[in-house]
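*Asks:* Note that the protein sequences, when read in sequence, are chains H and S. In this text, residue positions in the first sequence follow the working numbering: the first is 372, and each later residue adds one. In this text, residue positions in the second sequence follow the working numbering: the first is 230, and each later residue adds one.
A hint or two may mislead.
To be verified - Here are some, though not all, of the chain S residues that point toward chain H, as calculated from beta-carbon distances under 7 Å:
#, residue
1, Leu302
2, Glu334
3, Phe336
4, Gly338
5, Glu339
6, Gly340
7, Leu343
What the hints assert, rightly or not - Derived DSS-like pairs: lysine-lysine, alpha-carbon spacing no greater than 27 Å straight-line:
#, chain 1, residue 1, chain 2, residue 2
8, S, Lys294, S, Lys236
9, H, Lys469, H, Lys439
10, H, Lys469, H, Lys413
11, S, Lys236, H, Lys439
12, S, Lys294, H, Lys372
13, S, Lys294, H, Lys413
14, H, Lys372, H, Lys469
15, H, Lys413, S, Lys236
16, S, Lys294, H, Lys469
17, H, Lys372, H, Lys439
Note that these hints are calculated values from the structure, not bench results. For clarity, every value in this text was computed on a predicted model and none was experimentally measured. Even glycine gets a Cβ: it sits at the ideal position worked out from N, Cα and C.
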Amino acid sequence: KQEVTQIPAALSVPEGENLVLNCSFTDSAIYNLQWFRQDPGKGLTSLLLIQSSQREQTSGRLNASLDKSSGRSTLYIAASQPGDSATYLCAPGTSYGKLTFGQGTILTVHP
Amino acid sequence: SAVISQKPSRDICQRGTSLTIQCQVDSQVTMMFWYRQQPGQSLTLIATANQGSEATYESGFVIDKFPISRPNLTFSTLTVSNMSPEDSSIYLCSVETGRGANTGELFFGEGSRLTVL
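Please construct the entire structure, taking both the sequences and the accompanying hints into account.
*Replies:* Next up, the structure:
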C-alpha cells in the first residue's frame, strides 16, 4: 500500500523567500506524480505533473523534481508571494487515475 | 483545462438519509473518479466510473453505500446512502482531460461539502 509523507506539515515565511516542500512515498512503482494546491474550502488545482520517466517539471516560479528510485519529490517555490498561501498536496499515481495523497504542507506567506 | 461542475456545493443532511452528488464536465471523458476528503484528512479514491459499465470501487468502499451512475461521457453521480456523521466529508469529482489528455494528469471539481447531523 502506497504511503505518502509530506514535510514540513506547516510552513510560515515572509514574502520573497524561496521554499522547498518535500514529499516521500513508499512504493516507487509509480505511473506519475502530481502536485496540487488547495485553497480553504475549495477543490484542488493541478500545479505540476511529472511522468515517471521524467526528473523534473517547471511552471513559472514552480519547479518539481522526482527521484523515483528513492521515492522522493520536491516542490520548489521561488520568490514566494502571499497569494501562494495554500495547502500543497503531493500525489503519486500508481495506476491510471489512482492517486495517493499526502497530508499536505500548509503554507502561509505573510507580507 | 476542462470545467468540472459539482452540485450541490454543500449540504447539511440528516442521519439515515441519502444524497446524490452530480458531476458535469464540459468535454467528453472516458473515466471519471470520485474522491473523498474527510475532515483534517487527505483525499482517498472511492471509485472509478466508466461510461456503460459498473463502477470499480477501492478497498473499503462498497456499491451499496456509494452507488455511482455514469449515463454518458460528460456526467456522473455519486450517492451517499444511509448517511451517518462519519460520512461528513468533501466529495470530489475528478477527470483526465484538456491538457492532461493521455498523460494521466487529473483535474478536480470544487467539491461537495456534506455535513451529516
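*Asks:* Now tell me, hint by hint, if it's right for this structure.
*Replies:* So, going through the hints one by one against the coordinates:
1. Because the closest C-beta pair between Leu302 of chain S and chain H is about 15 Å apart, greater than 7 Å, the hint is violated.
2. For Glu334 of chain S, the interface hint holds, the least distance from its beta-carbon to any beta-carbon of chain H being 4 Å, beneath 7 Å.
3. At a threshold of 7 Å, the smallest CB-CB gap from Phe336 of chain S to chain H is about 6 Å, leaving the interface hint in force.
4. Interface restraint check for Gly338 of chain S: the shortest CB-CB distance to chain H comes to about 6 Å, inside 7 Å, so the restraint holds.
5. Checking Glu339 of chain S against chain H by beta carbon gives a least distance of about 4 Å; that is within 7 Å, so the hint holds.
6. For Gly340 of chain S, the interface hint holds, since its Cβ comes within 7 Å of a Cβ in chain H; the closest pair sits about 5 Å apart.
7. A least Cβ separation of about 13 Å between Leu343 of chain S and chain H goes past the 7 Å threshold, and the interface hint is therefore violated.
8. A distance of roughly 19 Å separates the Cα atoms of Lys294 of chain S and Lys236 of chain S; the hinted pair therefore holds under the 27 Å criterion.
9. In summary, the hint linking Lys469 of chain H to Lys439 of chain H is supported, as the alpha carbons are separated by about 17 Å, within the 27 Å threshold.
10. With a C-alpha separation of about 21 Å, the suggested pair Lys469 of chain H and Lys413 of chain H falls inside the 27 Å cut-off, and the hint holds.
11. Distance check on the hinted pair: Lys236 of chain S and Lys439 of chain H sit about 37 Å apart at the alpha-carbon level, beyond 27 Å; violated.
12. Between Lys294 of chain S and Lys372 of chain H, the direct Cα distance comes to roughly 23 Å. Compliance with the 27 Å bound is thereby established for this hinted pair.
13. For the hint pairing Lys294 of chain S with Lys413 of chain H, the CA-to-CA distance comes to about 25 Å; that is within 27 Å, so the pair holds.
14. Annotation: proposed proximity of Lys372 of chain H to Lys469 of chain H holds, straight-line Cα distance about 12 Å (limit 27 Å).
15. Taking the CA atoms of Lys413 of chain H and Lys236 of chain S, the gap is near 14 Å; set against the 27 Å cutoff, the hint holds.
16. Proximity of Lys294 of chain S to Lys469 of chain H is assessed by CA-CA distance (about 20 Å); at most 27 Å being required, the pair is judged to hold.
17. At most 27 Å may separate the alpha-carbon atoms for a hinted pair to count; Lys372 of chain H and Lys439 of chain H meet this at roughly 16 Å.
Taken one by one, the earlier hints fail for this structure at numbers 1, 7 and 11, listed in ascending order.
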